[in-house]
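Peer 1: Chain by chain, the residues run as shown.
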Amino acid sequence: MQTAVANANEIHGHDTHHGADHAHHELSFIRKYIFSTDHKVIAKQFMAVSLFFLFVGGLFALMIRWQIAYPGSAIPLIGNILPNSWVSDGAVTANFYTQLLTLHGTVMIFYVIIPLAVGMFGNFCIPLMIGTDDMALPRLNMFSFWLVPPAGLIMLSGFFYDSGTAAAGWTGYPPLGPTSGPGQTTWLVSLFMIGFSSIMGGTNYMATVLNKRAKGLQLLQMPLTVWALFITAILITLGTPVLAAAIAMQICDQYLHTGFFMPDNLLVTAPDNTYVTNAFIAQGNQLLEHKQLLGGGGQPILWQHMFWFYSHPAVYIMILPGMGIVSDVLSTFARKPIYGYKAMIFAIMAIAFLGFIVWGHHMFQSGMNPLLGTTFMLSTILIAVPSAIKVFNWLGTIWKGNIRFTAANMNALAFIATFIIGGLSGVFMASAPVDIYIHDTYFIVAHIHYVLFGGALFAIFAGIYYWFPKMYGKMLNENLGRKHFYWSFVFFNLTFYPMHILGVGGHMRRIYNPYIYEFLQPLQPMNQFVTFAAIILGFSQLILVVNILWSLKYGKAAPRNPWQSNSIEWSAPAHPGHGNFDTDIVVYRGPYEYSVPGRESDFYPQTEPPSENEVPVHSGH
Amino acid sequence: MNFDLSKGLEWAYRDMLTFFPENVSTFGAQLDSIFALIYWFSVATFFLTYGLLVIFMVKYRYNEHRKAYYFHGNNLMEFTWTLLPTIFFVGLGLWSDGAWSKTKYASRVPKPDVEIDVLGYQSGFGWQFRYAGPDGVFGNKDREQITIANPFGIDSNDIHGKDDFVIISPGGTRPIPIHLPVNKNILVNLSSNDVLHSFFLPNFRVKQDALPGQWIKVWFNGSKIGTYELACAELCGSGHYNMRGQVFIDSQADYDKWLDEQYKISKPVLEAPVSSDTTIVASADTKDSKTTKN
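One line per chain: the protein sequences are F and R, in this order.
Our numbering numbers the first residue of the first sequence as 1 and each following residue consecutively.
Our numbering numbers the first residue of the second sequence as 1001 and each following residue consecutively.
Quick caveat, the hints were computed from the structure, so don't treat them as lab data.
Please note that a few of the clues may not be correct.
[As the list claims (entries may be wrong)] If you only want the chain F side, here are some residues facing chain R, beta carbon under 10 Å, derived: (1) ASN95; (2) GLN99; (3) GLY373; (4) THR380.
Using N, Cα and C, we set each Cβ at its ideal position, and we do this for glycine too.
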């Protein structure tokens, strides 16, 4: 009976205007800050965990870079304190190097960019921007976050095996993957878990957007951030189960001697018979025995199809939320409606749809039937069209605007700048005959970093600078924000642009010591240049950490709407509690009514009732 | 610390296209020209979009006395910048497909003058090559007969296999080179007995993954006598970086001479002693490879 009363109070608290704090004073610390169902707390949790992994992944990257610039020489500072199974005389071993490149890719994609772009912004923005109190399924939301820390620990724990962690690349291609020992298993299990986290998040976002919009908010009045996250959620929900299936199949190949991905009669050097199906077991130069186990008869390319069926859409899972964030930030700070709102939505949908029929472009040289290469080439090249539409619309948005150069907006503009380069370099590898030469070279590395660091991460920075006041009730320091931006932008380009040139020079990816090859020896100075730029780029990110920590303690208290923005989240209190809003939210117009003629202020919040003699504004042209 | 700043500055002004290794294959020029087309298209698009970006950023920077232009967009513009890229990109796709089908379609492989079998191998990291021997005909392959000494599984019952010879080249800085004749169509039958590898000849613009359980046809035609490097472009283990090979492109006379000598030096596989103390040379960095980990 008492519980019922408490629940009634809680529900009452949501609905009345007394503020959320009042209704939730009975929540324990653990329920409020650790196992919280509040979407904003979960967003902060995603942010903290992912920023931690950003530094882990960055450290991996710098160790990789040092080895490429100065093969065999000790890593400065940390080289001599690392365990002997990882380094010899302070320099990374070839085995550890392949583990590093595997974990760098995996961590950055699955534990940094996806949780930041989707986990953090999806959780924070969707309920606030559609004017509701929380996600449709708060407990599922909590569970989706709490799969991430254990998955991350499992991922990192692989390093402590004698044989090391996964070393088959972030793509985990068989037969190398299933034959490479227990580290691969931790890698697979960890990905399986984080995949489930994604699926839970995705279904929740769809349910929330479709069912919980504030009164009066039509689908075509939602900010592009919400649209992008909504489409992303669909991509996640359709794509991730395929990855989960592939992972389960690879685990079966390892332990149950199934043969999904393993052909007959492999001659494999394996640390333990357990991991080999139907193979010759060779050790060093000795042929030990010819094993005929069950299984075999599989096809390594099947994994590539299943992996890329998820992992190509995953690229859009990482970039689409960024595109949405950038659209909103740009429109806010240009004080101008987004150019071509509906075209932007159609472009997002087109990218998402095409994203599902282009995965084969990762496999042009894989031995897949070249006839399929032709099909995949045409569909891939078409993705450039909606991408171009988006770029032109962003340019149209700042055209005749009144642009404020806040740290958020600078990062958003940098997103456009780097996305143009990343998009153009994508055209090279979309053309299958050009891809013959640049496939698996640094040209690809340059491209993916222009899209994921230059694209997704700059958009994430923009989003952090933009929404931090609403998240923590404190303003970030603009000055530090701009410094962080300048250092990041300059050294990002100095790091990754030269990689295109390395790729044109024929420099392969994942090479422990490139200078074994005569044709790569002249490229060493460029590799050294890239490494120094990367080190400075890495350390520049500390400015962001300092800024966040300093601002949390000493930052100015944020006003309710610091950027004079239109969208619904800025109608919530400066630091909203559980339940978000202190007023009834009714939506009257779209989110991009900036600089409306005849109005004194240059913005027009979605929740502001129209004045009596006003013709209702038609949104979404 | 042999960091050379002047070289970095020099490179900053150099056209990206000049970094390509010399092309010595017949179809390479066509692939490079598509690269160049996309490159110049990208340079043009770069200056167009960055020009607009910078002009707008400067011209429309914040001014408190000015109000932004209230404008939601224009469908004609949207239509234009949808249609123009579509036309360009479909054209590019169709043009690319000509070069793609010519180099990769199995049905368009030209009649080979020389045919060799190639395997990438992981235990020690290197390449295995099979030549057909004096009779010019390969012996049948039998997967059941694959051993370390006979990685191709040459069928001992097939008379044509008796004279086949195999060159097992370790990776690293001193690989055992193979020779091929100049201006001839070379057909490589590519596969692997362990994990994925990728047969990458930078100067020939050739790259193809080696897929265990499947033989893939790769062809090229080298137009210049010289020594070229072979690389592996697909991660195949900790010694992946070490899978360097060497290819000599010879005049026909030199090639014939080499072939003759080589046949005499390297005993045909099926006559070799069965003990597995054979040519798989672990000169690669086995210290780090997984083999020592158990």
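Peer 1: Next, verify each hint and record whether it holds.
Peer 2: These are the hints, each one checked on the structure:
The criterion of a C-beta within 10 Å of any C-beta in chain R is met by ASN95/F, whose closest approach is roughly 4 Å, and the hint holds. For the restraint placing GLN99/F at the interface with chain R, the shortest Cβ-Cβ distance is roughly 9 Å, inside the 10 Å limit, so the hint holds. For GLY373/F, the suggested interface contact is upheld, since its CB lies about 6 Å from the closest CB of chain R, less than 10 Å. Using the Cβ-Cβ criterion of 10 Å, the hint placing THR380/F at the interface with chain R is satisfied: the shortest such distance is roughly 9 Å.
Hint check: no violations occur; every hint is consistent with the structure.
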